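Novice: Using the sequences provided together with the hints, build the complete structure.
142 is the number of the first residue of the sequence shown in the numbering used here; add one for each residue after it.
To be clear, the hints were calculated from the coordinates, so they are not data collected in a lab. On a predicted model such as this, the values are computed, not experimentally measured, just so you know.
Restraint-style ranges between C-beta atoms, simulated for each label pair:
id, residue 1, residue 2, range
1, 403, 441, 27 to 33 Å
2, 570, 163, 19 to 25 Å
3, 293, 570, 46 to 52 Å
4, 564, 293, 49 to 55 Å
5, 573, 300, 49 to 55 Å
6, 331, 403, 26 to 32 Å
7, 441, 555, 26 to 32 Å
8, 229, 573, 57 to 63 Å
9, 584, 223, 57 to 63 Å
10, 282, 163, 39 to 45 Å
11, 313, 403, 37 to 43 Å
12, 314, 570, 46 to 52 Å
13, 441, 411, 18 to 24 Å
Beta carbons are placed, not taken as given, at the ideal position from N, Cα and C, and that holds for glycine.
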Amino acid sequence: MPRRYLRQAPAPPDPLRADFARIRREFDLPEAFADDVLEEAATAAAASWPREGRQDMRSLRFVTIDPPGSMDLDQAMLLERRGDAGYLVRYAIADVAAFVTAGGAVDQEAWRRVQTIYCPDERVPLYPPALGEGAASLLPDQERPALVFVIELDDEGRQTTARVDRAIVRSHARLAYGEAEIPLLEQIGTLRMALARSRGAVTLNAPAQTVVTDPSSDRGYRLELERRLPDEDWNAEISLLAGIAAAGLMERLGLGLLRTMGGADSYRVTQLRAAARGLGVDWPEPVGYAEFVTGLDPSQPHQAALLEEARGVMGHAGYTFFEGTPPEGSEHGGIAARYAHTTAPLRRLADRYVLNLLGGDGDRDALSRLPDVMSESAARAGQVERAFIDDVETRLLEHRLGERFTAVALHNDRRGTVIRIDDPPVRARLHADPPPAAGDTVEVVLVRADPVSRSLEFRPAAARPAGS
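Specialist: Below, the structure is given as structure tokens:
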């Protein structure tokens with residue numbers, strides 16, 4: 142399920158630049174790769190990777206689609222009609238293992254980093270650029286080793302068969318979201334979205350907050366909610382299809398690593414309904430949680446706030462290693478199916494091992510160690526992302542001490558009341574006794590904004606004089 146996150150395209154303005162560097166130091170994020178890691182990666186990038194046992198798919202017209210400017214290209218797709226009925230999905234995933242020596246310097250560093258961490262001003266990558274943005278990336282017009290999901294779908298988009306082939310591929314185009322059309326992507330994506338709704342999947346397309354340079358602002362920048370493009374969602378459905386297929390293939394093998402998540406908590410659903418009332422978003426009583434949140438429009442500020450709040454309704458996300466039969470409760474509640482992380486090996490350590498297993502070269506020991514390693518890394522990545530968001534929000538409000546704001550109470554916990562104000566679009570905490578109920582509209586005053594601790598403190602505002 143998506144987290145709140147922050148994007149920043151241009152160089153961050155002061156004092157954000159210094160803040161972002163301080164946050165990276167605080168969380169001990171690596172600043173650079175050691176020389177031995179860079180040297181090993183460069184050697185691997187220049188060497189010939191093994192071609193034995195790979196199908197030659199270079200003539201197939203795979204294409205990639207990613208955010209503009211991306212260089213770490215994990216996936217390329219080719220979508221076709223299958224005879225008179227159904228579809229054939231080929232989804233090529235970068236075979237990073239072809240460049241990484243087990244136990245070598247690159248491998249050890251990958252186990253230390255675990256995943257790429259995205260900061261508003263830069264990335265902290267999992268692999269050195271020679272691999273992650275070079276030899277292992279599915280860049281256009283380059284021969285690359287890949288694991289290719291070959292998935293047949295019926296006319297309604299249901300999977301009928303699936304396998305994974307080791308292959309040599311060549312991407313024929315690098316496309317960006319919103320800039321080009323991929324034949325059949327909308328059609329297949331729409332079918333898969335309908336199937337997801339029918340099985341009770343929860344789709345949370347929470348928008349990123351984006352720092353936008355604004356000379357007219359007294360801060361020199363402002364926060365905006367990013368507009369999500371339709372082809373991002375259709376592309377996500379192809380990735381989800383591969384992850385579901387991967388889980389099924391591992392279940393057949395009797396060995397694997399699943400991405401898991403609990404279902405919606407009924408108490409939190411009740412709180413979300415109250416928050417919707419407070420934000421003026423209609424939620425008809427017969428409509429369930431999954432249907433409601435899937436229909437929210439992230440371009441609308443109040444609905445975007447509910448999408449952020451809806452993330453907390455689902456249970457804990459984690460990873461489950463299994464041998465034999467997957468244990469009870471190993472489904473992903475948000476996807477409403479068994480699912481595996483497998484489509485981002487340039488950015489997530491677990492995906493390399495899942496792909497290798499599906500390609501016939503599994504590492505049981507590594508798979509068994511990954512749940513703890515991945516969960517710890519995901520928790521840290523979440524803390525880092527929250528730190529950046531909290532920092533920008535605090536900086537935007539630090540000069541507005543004593544001002545009144547109208548807010549909506551989203552939910553209460555042991556640390557106070559989570560509230561949402563509209564301008565700027567900020568979530569913060571209110572300390573009030575008694576606390577407002579979820580969904581209440583409250584007048585609040587900003588009494589503290591501390592950029593060092595990245596914290597905001599609001600108190601209930603005094604009642605306005607009658608007639609004011």
